[in-house]
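Colleague: Take a look at the letters that make up each chain.
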Amino acid sequence: AQKVTQAQTEISVVEKEDVTLDCVYETRDTTYYLFWYKQPPSGELVFLIRRNSFDEQNEISGRYSWNFQKSTSSFNFTITASQVVDSAVYFCALTYPNTNAGKSTFGDGTTLTVKP
Amino acid sequence: DAGVIQSPRHEVTEMGQEVTLRCKPISGHDYLFWYRQTMMRGLELLIYFNNNVPIDDSGMPEDRFSAKMPNASFSTLKIQPSEPRDSAVYFCASSPGFEAGELFFGEGSRLTVL
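Here the protein sequences come in this chain order: A and B. For any residue, its number in the working numbering is found by taking its place in the first sequence, counting from 1, and adding 7. For any residue, its number in the working numbering is found by taking its place in the second sequence, counting from 1, and adding 163.
It is worth saying that the hints were derived from the structure and are not from the lab. Where is the CB? At the ideal position from N, CA and C, for every residue including glycine. Check each hint, because a few of them may be wrong.
[What the hints assert, rightly or not] Listed below are the simulated BS3-like cross-link pairs for lysine-lysine, each with C-alpha atoms no more than 27 Å apart in a straight line:
1. A:77 <-> B:231
2. B:187 <-> A:10
3. A:110 <-> A:10
4. A:122 <-> A:23
5. B:187 <-> A:45
6. A:110 <-> B:241
7. A:110 <-> A:77
8. A:122 <-> A:77
9. B:231 <-> B:241
10. B:187 <-> B:231
11. B:187 <-> B:241
12. A:10 <-> A:77
[To be verified] A partial selection of chain A residues facing chain B, derived with a Cβ cut-off under 7 Å:
13. 52
14. 54
15. 57
[What the hints assert, rightly or not] Label-pair ranges, simulated between beta-carbon atoms:
16. A:78 <-> B:222: 28 to 34 Å
17. A:87 <-> B:215: 29 to 35 Å
18. A:64 <-> B:277: 30 to 36 Å
19. A:16 <-> B:250: 18 to 24 Å
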């Protein structure tokens with residue numbers, strides 16, 4: 008069975024602070040894919056990143072960075088110099104190979120509030 | 164390019180009424196998904212289609228729920244009869260036809276059943 012845990016239900020920071028959203032997953036497969044999605048107040052979920060289990064390189068995209076560590080089964084997401092527009096619910100998701108990403112197991116989400 | 168388009172954005176109905184939610188996926192995407200989001204259960208996959216064919220409907224909660232995809236550009240999710248516990252945000256998403264392709268979500272349809 009696969010499981011995704013986002014232990015932080017809500018996080019509140021002040022603008023320009025750095026913030027890390029935690030994601031811990033469980034799977035018996037050696038090959039899998041991990042995702043992060045953002046759900047802003049407008050409601051739609053927006054894809055941020057996909058990572059496969061064989062690629063442990065960290066990734067940086069502007070103010071966003073992702074730290075994938077198979078040893079701890081974690082795929083954490085850091086926002087540097089947070090902005091009010093980063094306020095959203097962020098979901099981590101896991102899927103098996105040979106299945107479509109739509110069968111992903113989603114975490115419960117972390118609500119991030121960035122205050123001006 | 165247009166994203167996934169859902170309608171209606173908001174629906175308020177009374178218990179026992181039929182509800183039909185509509186979705187137009189991104190052109191060229193082979194997969195279409197219906198999700199439901201509630202505070203209690205988070206995001207739940209209800210059903211998904213590949214090339215208009217239903218592949219997995221194990222997430223459909225009851226026989227009151229049905230989904231169709233008559234062609235590559237249109238899908239419906241129907242609830243008949245609706246109940247208050249069906250109140251949720253229903254998302255349609257589409258995905259390209261390769262393994263672990265990311266999901267592209269619509270803006271959702273917020274359903275309230277009184």
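Colleague: Each hint should be assessed against the structure and marked as holding or not.
Modeller: Outcome of the hint check:
A hinted pair counts as satisfied when its Cα atoms are at most 27 Å apart, and residue 77 of chain A with residue 231 of chain B does not qualify at roughly 40 Å. For the hint linking residue 187 of chain B to residue 10 of chain A, the alpha-carbon distance of about 30 Å lies beyond 27 Å, and the restraint is violated. The straight-line distance between the Cα atoms of residue 110 of chain A and residue 10 of chain A is roughly 12 Å, inside the 27 Å bound, and the hint therefore holds. Among the hinted pairs, residue 122 of chain A with residue 23 of chain A is consistent with the structure: their alpha-carbon atoms are about 9 Å apart, no more than 27 Å.
The hinted pair formed by residue 187 of chain B and residue 45 of chain A meets the criterion: a straight-line CA distance of about 21 Å does not exceed 27 Å. For a cut-off of 27 Å, the pair hint linking residue 110 of chain A to residue 241 of chain B stands: about 21 Å separates their Cα positions. For the hint pairing residue 110 of chain A with residue 77 of chain A, the CA-to-CA distance comes to about 21 Å; that is within 27 Å, so the pair holds. Between the alpha carbons of residue 122 of chain A and residue 77 of chain A the distance comes to roughly 33 Å, so the proposed pair goes past 27 Å and is violated.
Taking the CA atoms of residue 231 of chain B and residue 241 of chain B, the gap is near 8 Å; set against the 27 Å cutoff, the hint holds. For the given pair, residue 187 of chain B sits about 12 Å from residue 231 of chain B by alpha-carbon distance, which is consistent with the 27 Å threshold. With a CA separation close to 15 Å, the supplied pair residue 187 of chain B and residue 241 of chain B stays within the 27 Å bound. Annotation: proposed proximity of residue 10 of chain A to residue 77 of chain A holds, straight-line Cα distance about 15 Å (limit 27 Å).
Satisfaction of the interface hint for residue 52 of chain A is found here, the shortest Cβ-Cβ separation to chain B being roughly 4 Å, below the 7 Å cut-off. A hinted interface residue such as residue 54 of chain A counts as satisfied when its beta carbon comes closer than 7 Å to some beta carbon of chain B; here the least separation is about 4 Å, so the hint holds. Restraint check, residue 57 of chain A versus chain B: the minimum CB separation of about 6 Å is within 7 Å; hint holds. Take residue 78 of chain A and residue 222 of chain B: their Cβ atoms lie about 33 Å apart, and the range 28 to 34 Å holds.
Against the hinted window of 29 to 35 Å, the Cβ-Cβ separation of residue 87 of chain A and residue 215 of chain B comes to about 43 Å, which falls outside the hint. Taken as a hint, the range 30 to 36 Å is violated for the pair residue 64 of chain A and residue 277 of chain B, whose Cβ atoms sit roughly 51 Å apart. In this structure the supplied range 18 to 24 Å holds for residue 16 of chain A paired with residue 250 of chain B, their Cβ-Cβ distance being about 22 Å.
Checked against the numbered hints above, the structure breaks hints 1, 2, 8, 17 and 18 and satisfies the rest.
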